[in-house]
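Student: For chain E, the structure is supplied; the task is to place chains V, H and U on it using the hints.
Protein chains: 4
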Amino acid sequence: MNTIGSELRLTLFGASHGPCVGAVLDGVPPGLTVDLARLQGEVDLRRPRAGIGTPRAEEDRVEVLSGLLDGRSTGAPIALLVVNRNIDPQKYERFRTVPRPGHADLTARSKYSECADLRGGGQFSGRMTVGIVAAGAIAKMLLEERGVRIAAYVRQVGRVLDPEDRDVTAALLSRSNDVRAATPELAEAMRAEIAAAREEGDSVGGVVQCIADGLPMGLGEPFFDTVEGELAKMMFAVPGVKGIEFGAGFAAAGMRGSQHNDPFVLVDGKVRTAKNDAGGILGGITNGMPVVLRVAIKPTASIARGQRSLDLETGEQTDLRIEGRHDPCIAPRAVPVVEAAAALVLADLSVRGGMLD
Amino acid sequence: MNTIGSELRLTLFGASHGPCVGAVLDGVPPGLTVDLARLQGEVDLRRPRAGIGTPRAEEDRVEVLSGLLDGRSTGAPIALLVVNRNIDPQKYERFRTVPRPGHADLTARSKYSECADLRGGGQFSGRMTVGIVAAGAIAKMLLEERGVRIAAYVRQVGRVLDPEDRDVTAALLSRSNDVRAATPELAEAMRAEIAAAREEGDSVGGVVQCIADGLPMGLGEPFFDTVEGELAKMMFAVPGVKGIEFGAGFAAAGMRGSQHNDPFVLVDGKVRTAKNDAGGILGGITNGMPVVLRVAIKPTASIARGQRSLDLETGEQTDLRIEGRHDPCIAPRAVPVVEAAAALVLADLSVRGGMLD
Amino acid sequence: MNTIGSELRLTLFGASHGPCVGAVLDGVPPGLTVDLARLQGEVDLRRPRAGIGTPRAEEDRVEVLSGLLDGRSTGAPIALLVVNRNIDPQKYERFRTVPRPGHADLTARSKYSECADLRGGGQFSGRMTVGIVAAGAIAKMLLEERGVRIAAYVRQVGRVLDPEDRDVTAALLSRSNDVRAATPELAEAMRAEIAAAREEGDSVGGVVQCIADGLPMGLGEPFFDTVEGELAKMMFAVPGVKGIEFGAGFAAAGMRGSQHNDPFVLVDGKVRTAKNDAGGILGGITNGMPVVLRVAIKPTASIARGQRSLDLETGEQTDLRIEGRHDPCIAPRAVPVVEAAAALVLADLSVRGGMLD
Amino acid sequence: MNTIGSELRLTLFGASHGPCVGAVLDGVPPGLTVDLARLQGEVDLRRPRAGIGTPRAEEDRVEVLSGLLDGRSTGAPIALLVVNRNIDPQKYERFRTVPRPGHADLTARSKYSECADLRGGGQFSGRMTVGIVAAGAIAKMLLEERGVRIAAYVRQVGRVLDPEDRDVTAALLSRSNDVRAATPELAEAMRAEIAAAREEGDSVGGVVQCIADGLPMGLGEPFFDTVEGELAKMMFAVPGVKGIEFGAGFAAAGMRGSQHNDPFVLVDGKVRTAKNDAGGILGGITNGMPVVLRVAIKPTASIARGQRSLDLETGEQTDLRIEGRHDPCIAPRAVPVVEAAAALVLADLSVRGGMLD
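Protein chains in written order, with this note's numbering: chain E, 1 to 357; chain V, 1 to 357; chain H, 1 to 357; chain U, 1 to 357.
Everything labelled a hint here was simulated from the structure, so no lab data went into it. All values reported here derive from a predicted model rather than from experimental measurement. Heads up, some of the hints might be wrong.
Unchecked claim - Here are the computed lysine-lysine pairs in the BS3-like style, where the Cα-Cα straight-line distance is at most 30 Å:
id	chain 1	residue 1	chain 2	residue 2
1	E	Lys270	V	Lys91
2	U	Lys275	H	Lys270
3	H	Lys275	U	Lys91
4	U	Lys275	H	Lys91
5	V	Lys91	E	Lys91
6	E	Lys91	V	Lys275
7	H	Lys91	U	Lys270
8	V	Lys91	E	Lys275
Claimed, not checked - The following residues of chain H were derived to be distant from chain V, with all beta-carbon distances above 10 Å:
id	residue
9	Val34
10	Ala50
11	Gly53
12	Pro55
13	Pro89
14	Thr97
15	Ser113
16	Arg175
17	Pro216
18	Asp268
19	Lys275
20	Gly354
Ideal placement from N, C-alpha and C gives every residue a C-beta, glycine not left out.
So here's chain E without its partners, still in its complex pose (with noise of 0.2 Å):
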């Protein structure tokens, strides 16, 4: 449902193109002072850029309606809303007959019937992770306070692909450049890729990486509520992400253990591992180096060029092509929403942990 986390726990609604989307942050420990100015910036992060982003014009202003006294928390809900403006719901019609491939209009009429909203994809579009970036502002300002810092950035934008790993300092820097890349060679060659794509009616794939350091050791419950069980639940959440990996990932797989394994050492008398092919987190718990995740974006499914579809009316195939504003690569946008994404189940497992008291 639209309802996740134990203790921190997050509450999204609205629609693409109804009067708003929004969000409602509940378990927020008392007396945290939330920079409305900050978060507003979060939520910009995620507005698209010209060039590489959907024309639609949206402010994404975020009012707080609860939970804030003073510039602090309460204690109590805090809900989010940031009120939809630039919406144009008629050019959705033609779908409801012609499903679009790569989108949820058929499956979601399928479990909605037709009463499912499907204007924009509704419940299922992109911009409802608006509430998840203003609610995430949060739980990192929470996380802050206790020396955990996150950040992500693209790694891979169809071809181009990030040969380095990135810690949070380079992540963050990646907040420079459009396609939040971490170097501007990188940004240069992304952005090029992407608009390859664009001059061609199509769409590019990418995949993000994230990594959260300063997390304690001790984080996770087993057997089931691990820190890689509630972010990969949290980040399949984001439309259009369709796989997931945590330090080496899918790498470990043609690994020996000798070269997977991590060996412990003391850094200052704590210990740590002397490389992080782990990703953080062992038996499902984090281990006191950096969480290291990556999500694979899929290409962005609305694409100018014709498609095959069917008309679900009369039985047959048809052309179709989608005029609509989208972005040729979404995993730009997706960086903000999967470091909010991140901050809300890193902040959840804090407080289930105690490490928040």
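Tutor: Below, chains V, H and U without anything else, positioned relative to chain E:
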């Protein structure tokens, strides 16, 4: 915690070298005929095979403590118990002081204090998955009544990669060989890869692919309880899993939208897709195509050859050599676990979606 | 926390003297026609009446932010918002230092630190129930489609006790008077009881009875999610409720089994009971008879006459006189809240039991 | 379902006339010394006493299957098992056709179809509470480490009412007599009341009062997970409970605010109240005073004298005479169950509130 699922709910208990391991499966609709011989057969598939598995000899005899009457489910929780017979807890004492790289010794102690049961991994042991396989066998029977089939096989071991995508029938055929490969030739090559690792006192990783066909369109609960999210959370509870992907998965990052989108077609009067890069899931909801997932399994952490670790008492680097019984490759034994885990999640989503009424 | 329900899930947010109160109702099946005028009508029933209610003047205009399209539910969460207009937060400052007896001022501060929003009870205020009534109106519409009717009335105010057991029809007739009594004569007597308390600067308690008829046999989930247990948990969230009983309730303690047991009879081919001391529930499951419950509501904690309290800063006993706007008896305004709360629980159990498919 | 609790979670399994009853308690912090003799002693308190209890002879020997090592909790789930020895399932066959008034025979069959286990009430039997008592004994030990004491006693049996409010110490003294009354005189009178009912082939109801002292201020989670709501949900799972009230409870309906409000006073430097009509809970949160609750327990449904029921096959009214073994009054045996249930809830809220760290 040790419970997962909404309307079909699994609770695990036990420890690797305690008196038993077990599971409680709640929410099984009344009237299901439970074939206990077949249930035992599934559990037997998880047992180690000569040459490629640990020499620990466990009968893994499943007792049903509740929830069945005259061979059929009553609607009450089904409790399943497996007594541990071949335990040897003493040899694990040393790992309290010198944690094994790649294992949860240190994180478990950090989370649960000195009182954690670290014997053979305790609650973090792969042995906990016996309960998953036993309960999953019941979930499978539940799904089969609706025409759903689930099967998994080993797609990769170390450098040996099965180049083809297999369907449920091919996956079922993997039961004919001990490494659970799709063909005898692949089995041969994978067995050699495992043997090579073992001979060097080492271990090797792998990839397990799982397919479920016959699922109706419409399973899954947006926004957070997606089919991918629920499956992923469950899979990361399986010890050794470090990544999961659906359909094209990480390969989607390198694809164009025109390539990744699956065109809708009419097959026998039903809407299907011409290919299945989505892995049977659109917008987090099943689309009527087979659900296809792959999990990355790291090389067994326990290896015979020497490794660098840390003596927590002295703070000195030390050389660790693990004499214990262990599998040089977990992937073959993970196959029935992955199948069972998938069955549990898909059956839960089926109950939630009213598909089992 | 602020979320309740399994498959029909309610989340509340807001505060008594913050910008708004609101609710998110998730899990409403698609296609339900939501009559907004009627929803507003239910919320209006909760508003204070002249003479027996607080003079705080709130319009309680409900806005629907999401989840409806063309007057019907889409299957996505329904967000409901009521803007607070007549707020006056200043006057509550004093209660930080001198907590009001019978209120949550002290416990809220203990739980949420100095940052708790104590203005008018903040998150503990009866005003939070606006969201319950609005969401419950939708739950009622859902249940009515299946022939279920739910209604409540005031059975007792102070020393005035309605000696008869009323059915749903009689309970609905209580809408014709402002104290929500079953007859005009009882209304008169209860009004006098309330007036007497108010004239003495005091308040008075009461009992609300709620009946649901038309429910099928078989709702409720043993062992813990019983009909009684789920209803009770919800009802104790309603501020002022201090007791709940079903059917004969506490009177059963003085009864013999031969007296309390309800004999089974056949009515129009259906198995019913000849009387209903069980309150429509056997073994935690509905038995096809009306579900009957009563909740005890304590006298309003805010009273005009002087009370002894404590100055937390000086540690001195002090006399407290509360000038605020308040109801001399909450019971009449609790009637629509109890109805709505019951509807939410019974609709959730109906969804879980597959009764709404 | 059969699981309850958030961070301290109880799962029950078993059936009255199946092979066993049992429980899994998850979330017990590591390092708790579990006194098994005392645990067994609590379970023994639930066993029937000569004259006032059923002649069914069960040893109720508790086995610990997991979660303890060297007498201390490991942090992993604690599984508890009690084998049923004195079963006699045959005699219940008749109740499939002629349901017993006051029992769940009919509703269980309605919910679970013909496959329901109705033998001795199956999953609806009071025998399921063995697991609650065993798990609750551990919860008690957990709370006692923090100075919390919980005890219950029988306050009413039929027409015999204990006129005084007892504290924890007085409640503990009820262990000295078999009806669990607060004084020998009351025990005598209650025993006579039970004997009178039994001699007439009848049963009688009662009220159990439970008190917990030593709780800190601040337990409970508004808005829905209140102390009252969580306790109530749990208590209604105990077979036979039909009402619950806190502090003044239903008597509050007849009170004035000036009478019901508990004035704040300073006691040994701590803020307390001069009396406790709130039952230790304000706004759903503990206020540092003892938590006081009473549950109404209906007369045992099984009675020896003839009752009217219905033959479901013929549709004819029929006379039913229940020969089985049963308690003429459940209240005395419910005392340890109510204590244990309260302990489980309060320990869960303590973990959630960070009070057990």
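Student: Now look at each hint and say whether the structure bears it out.
Tutor: Verification of the hints:
no., hint, verdict
1, Lys270(E) - Lys91(V), "holds (26 Å)"
2, Lys275(U) - Lys270(H), "violated (51 Å)"
3, Lys275(H) - Lys91(U), "holds (27 Å)"
4, Lys275(U) - Lys91(H), "holds (27 Å)"
5, Lys91(V) - Lys91(E), "violated (68 Å)"
6, Lys91(E) - Lys275(V), "holds (27 Å)"
7, Lys91(H) - Lys270(U), "holds (26 Å)"
8, Lys91(V) - Lys275(E), "holds (27 Å)"
9, Val34, "holds (20 Å)"
10, Ala50, "holds (45 Å)"
11, Gly53, "holds (39 Å)"
12, Pro55, "holds (42 Å)"
13, Pro89, "holds (34 Å)"
14, Thr97, "holds (41 Å)"
15, Ser113, "holds (27 Å)"
16, Arg175, "holds (35 Å)"
17, Pro216, "holds (14 Å)"
18, Asp268, "holds (26 Å)"
19, Lys275, "holds (28 Å)"
20, Gly354, "violated (5 Å)"
The structure shown violates the earlier hints numbered 2, 5 and 20.
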